[in-house]
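Chemist: Now for the letters of each chain:
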Amino acid sequence: MVLSQVIADSHSSDTSTILRVRGPLEFKCHLDSTDARLMHKVISRTFEMLQSQVKSESCVLSVCDSPVIVWPNRGVYATPEEITPNTLCEDIHQWIQSDKQEAAGKRSAKKKSKKSSAASVINLRLMMEATKTGPLSAPILSRTVQKSHFLSTTLPVDCIVHTTVNETIKDAFERLLEALTHQLCEMEKVTLQHMKGTTLLVPEPLHFLLPEPKGLVTVVYPAGVPDSQLETQRKELHQQLELPDDWPYVRRANAYHFPNEPYKDGYLRNPHLVLTHPTLDNGKVYLVQGIYSYHHYMQDHMDDNGWGCAYRSLQTICSWFQQQGYVERAVPTHKEIQQALADVGDKPGSFVGSRQWIGSIEVQAVLNQLLGVTSKIMFVSQGSELASKGRELTNHFLTEGTPIMIGGGVLAHTILGVAWSETSGQIRYLILDPHYTGAEDSQVIADKGWCGWKGADFWDQTAYYNLCLPQRPKII
Amino acid sequence: MGRSYIVEEAVEGYLTKQCEQAGPVTGLLIGQSSTQREFVVTATRTPQRKESAAAAGNSLDKDWVTEHARQVSRMLPGGLSVLGVFIVADTDAKDTVTTLRQLVFAVENLISSERLWNPADDDVTDSVVLHVNPKTRKIFCRTFDVKDSKSVAKPADWKYQSGVCSSWITVSCCLSMDLLVPLPDNRTDTEDMDTCLKEGLKVWAHQLEGGVCLIDGKKLADDSELAGGQKRNVRQTYTAQLLITPEERRSTDVVQRCGGSVSVRGAIHSRAYLHSNKPKAKLAEKLLKRDMISTVATRAQILLEELLTSQEDKHQREQFCLPHRVFCPVKGSGPVCVCDYHFSDEGLSEVTDRLKEMLDIDVAKNDLDTRQETPAEVLERDAAAEPTVETIEVLEPKRNNYIGKTLFQCNAYKHPYNISTTANNHMDLLPPRYNIVSSC
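As you go down the protein sequences, you meet chains A and B in turn.
Under our numbering, the first residue of the first sequence carries the number 1, and numbering increases by one thereafter.
Under our numbering, the first residue of the second sequence carries the number 1001, and numbering increases by one thereafter.
No wet-lab data here; the hints were simulated from the structure.
Hints are not guaranteed to be accurate.
To be clear about the criterion: a stretch of chain A counts as covered by chain B if any three or more of its residues have a C-beta under 8 Å from a C-beta of chain B, and this derived list gives those stretches [unchecked claim]:
| # | region |
| --- | --- |
| 1 | 17 to 26 |
| 2 | 61 to 72 |
| 3 | 131 to 144 |
| 4 | 151 to 159 |
Calculated cross-link-like contacts (lysine to any residue; reagent style SDA-like; alpha-carbon spacing at most 25 Å) [said to hold, decoys possible]:
| # | chain 1 | residue 1 | chain 2 | residue 2 |
| --- | --- | --- | --- | --- |
| 5 | B | Lys1219 | A | Thr84 |
| 6 | A | Lys55 | B | Lys1202 |
| 7 | A | Lys132 | B | Val1212 |
| 8 | A | Lys196 | B | Arg1249 |
| 9 | B | Lys1218 | A | Leu177 |
| 10 | A | Lys147 | B | Phe1327 |
| 11 | B | Lys1219 | A | Thr133 |
| 12 | A | Lys132 | B | Phe1327 |
| 13 | B | Lys1282 | A | Trp71 |
| 14 | B | Lys1202 | A | Val145 |
| 15 | A | Lys264 | B | Arg1249 |
| 16 | A | Lys147 | B | His1315 |
| 17 | A | Lys170 | B | Asp1216 |
| 18 | A | Lys41 | B | Leu1179 |
| 19 | B | Lys1280 | A | Ile96 |
| 20 | B | Lys1282 | A | Pro80 |
| 21 | B | Lys1219 | A | Asn73 |
| 22 | A | Lys170 | B | Lys1218 |
| 23 | B | Lys1198 | A | Leu151 |
| 24 | A | Lys55 | B | Glu1248 |
| 25 | A | Lys28 | B | Gly1210 |
| 26 | B | Lys1219 | A | Lys28 |
| 27 | A | Lys132 | B | Leu1180 |
| 28 | B | Lys1218 | B | Met1177 |
| 29 | A | Lys28 | B | Lys1202 |
| 30 | A | Lys147 | B | Leu1308 |
| 31 | A | Lys196 | B | Val1255 |
| 32 | A | Lys28 | B | Lys1218 |
| 33 | A | Lys196 | B | Glu1248 |
| 34 | A | Lys55 | B | Met1177 |
| 35 | B | Lys1198 | A | Thr84 |
| 36 | A | Lys55 | B | Gly1210 |
Even glycine gets a Cβ: it sits at the ideal position worked out from N, Cα and C.
Based on the sequences and whatever the hints tell you, model everything.
Modeler: See below:
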């Protein structure tokens, strides 16, 4: 695995534009020998050929959802003709048609798109121009008959550059070309490094968002090799990048999710991010760290209205461990949760398929059984006592950063954070409510308080509560 | 409402000439379909069979006519196709309709079975049958929907007009290709190469179909009209560019056993003609892409047909030149040309002979356009090096400038009109071509 770093400059936190180019490159060659050295030669030669393709005049970068096409190796010539090498990168946004625009009756794509506060991404597609100016030599058919091996795959090229404010496309695209050739180089290294006999692993680039000032960094991993076998590589990376050695940053699941890319599974991520956090006198806000998905009633065609709330909270917690890369296991279904409890002897076999409730003890048991995660249990004999648990809760969010499942009375909820003033004792709880039965609409969920800040009066003051505080493994 | 056929005046003269023949004459009608009407550009009679076997006399030789259509189809650039059949016979039109119907269905089946491109939903699927009575010169014109096996004859208009193609638009480009396909582990005969190559060409064709087409350097909206066509002075040629990406293929078996490989590398000139009645960019793209796919498939087919019938030694590594494309103008049809494929060691008279036989076109060698493509030249190279597209240079076409003395073996046996009936559907109407074989 090799590393390439995107040069994160001081403007990266501004509304600068990221250029991202993706495109499969066909990788095909005839391995006429099984001698490792000769195979390496053929593979290296094929990579050389791809390098020259990318540097040739036939290399084309087309801006997705727009008529803009750039030939970076022809003096950054572009079409439509209004675009010149001196056009600013940020002006390309005007040419991009957003999803919301109608396709009918639109001739020119020149419409101003909304600028969001996050860094905007211009997606580009890597293409090859198959036409040339002729006349050229007519084709030759070559046939080789020899028992041998044939290598055929596509390389998932994926490169980014951060553009600076007022950078022209000429400069930005030149840097993009450099990033492309650099990535091909790394892909070659990874491919050769992981070749065993005639088994070849496809090199796969992933981007990771590291804490400032490092920004976005691209790492090429061999596809199909699980995280568990790449620990040495990650240790090296953590050292090189000066990252803490107990929080994962470059596991596959940590790959950066680009804005405006919908998640394929359809769940909302971190719905709490759109909320305004309370300001308390001398108070601070302590939140869940990382990414989780919102699981609630009626999802996955599962009607668990009235009994599934603790299951959903557990699912939210499992999603956190999956998305931080601690586990590869998918979020368990209600049945899988029940089966796990039957497997550990906590519940009889008849429990599986039933609509029986679970509590924080069961949540702890399942996290242990299915994910290998240990949890602490916190008990309060009455809800009013929760107001005094500020210190414990803030400590949890500081050191573990995981979502908390709380069950008591007849309800279960997830606590995503706490706002607490040490001096005044004021406290607020950021609650994610699994009782929501609607669609994945982050607006509705925020407006109606399905994810929202609640006061101490949210709890049933006389009921007793159990909290399950999952402990995160201290690994990378 | 039936279809309308707008026919070049020259075709009227040609059909009249056929009326003067003794005995019935069949032939093909060639032109372009559009949603509103069809344009007939030229017509060509079925060539004579040398052997007067049982098929002589009044009965129509369906296989012969179909084979003629298949061969003619290969000689038509993008935008032109076999629209239907005609018969000049002193019979009652209604008696021949059934036979003609069988004929157009057979023609369509044969031609479409060889196609590597996918038909589009908006393609016109009507074929025309035309019956001309030589004594009365009366025209009987009907169409059949060849995609519907139950279709019945529908009436159609047949109108002559001068200068039908005079303002037609030409879209062209020079397309380079670099195809590499594996041969299966245990079967490496020429038939296997044929199958594998066809599979590889299908994948390549799919890539082209998904490619972005620029016309005169711009990506035009599908519905935008290509200008020119109405006025004489407006420019009528456009250059296209094609941008492609491979399909993402990530199967777990990246490396597979094989018995060898086949590659096709080089460039072809591709061209399509568009009628001048407000043609849309989408049509230009569709017709040009089809021509790209067809011209490569045809050349590979021609080469493989040669290899299948010849008895060459199989060497470990062989190179064959695909023939290059030569264009021939159709008299009185504006810019429209037909084409043929030419091996560089054949004389051009082979081409003019074929054009005469297949398309009944009289043309002098000097009137052929041979400038669009240069013949391939095989350079000697060492076994380890893989040529890239860039290194197959355009050499001056000095015919005898072969590098390496014994590099080429020319099997030059020439039988005039050798008709082998070894395979029913592979009747060679033409002299077999030269094999250019190099072995290293």
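Chemist: Is the Cα-Cα distance between Lys55(A) and Lys1202(B) 25 Å or less?
Modeler: violated, 28 Å
Chemist: For the pair supplied as a hint, Lys28(A) and Lys1202(B), is the alpha-carbon distance within the 25 Å limit?
Modeler: holds, 17 Å
Chemist: Would the pair Lys132(A) and Leu1180(B) pass a check requiring their Cα atoms to be no farther apart than 25 Å?
Modeler: holds, 20 Å
Chemist: Is Lys170(A) close enough to Asp1216(B), meaning Cα to Cα at most 25 Å?
Modeler: Status holds; Cα separation ~23 Å.
Chemist: For the pair we were handed, Lys28(A) and Lys1218(B), check the Cα-Cα distance against 25 Å.
Modeler: violated, 31 Å
Chemist: Is Lys1218(B) within 25 Å of Leu177(A), Cα to Cα?
Modeler: Satisfied, since the Cα-Cα distance of roughly 23 Å is no more than 25 Å.
Chemist: Tell me whether the statement that chain B covers the region 61 to 72 of chain A is true, taking a Cβ distance below 8 Å and needing three residues at minimum.
Modeler: holds (count 3)
Chemist: Between Lys55(A) and Gly1210(B), is the straight-line Cα distance small enough, at 25 Å or below?
Modeler: Given pair Lys55(A), Gly1210(B) holds - Cα atoms ~23 Å apart, limit 25 Å.
Chemist: Lys132(A) and Phe1327(B) were given as a pair; does the straight-line alpha-carbon distance stay at or below 25 Å?
Modeler: holds, 20 Å
Chemist: Has the given pair, Lys1202(B) with Val145(A), been kept, meaning a C-alpha gap of at most 25 Å?
Modeler: This hinted pair holds, its Cα atoms lying about 22 Å apart.
Chemist: For Lys147(A) and Leu1308(B), compute the direct alpha-carbon distance and say whether it is at most 25 Å.
Modeler: Holds, because 22 Å separates the two Cα atoms, which is no more than 25 Å.
Chemist: If you draw a straight line from the CA of Lys1219(B) to the CA of Thr133(A), is it 25 Å or shorter?
Modeler: Roughly 18 Å between the alpha carbons, so the hint for Lys1219(B) and Thr133(A) holds.
The structure fails to meet hints 6, 10, 26, 32 and 35 from the earlier list, while all remaining hints are met.
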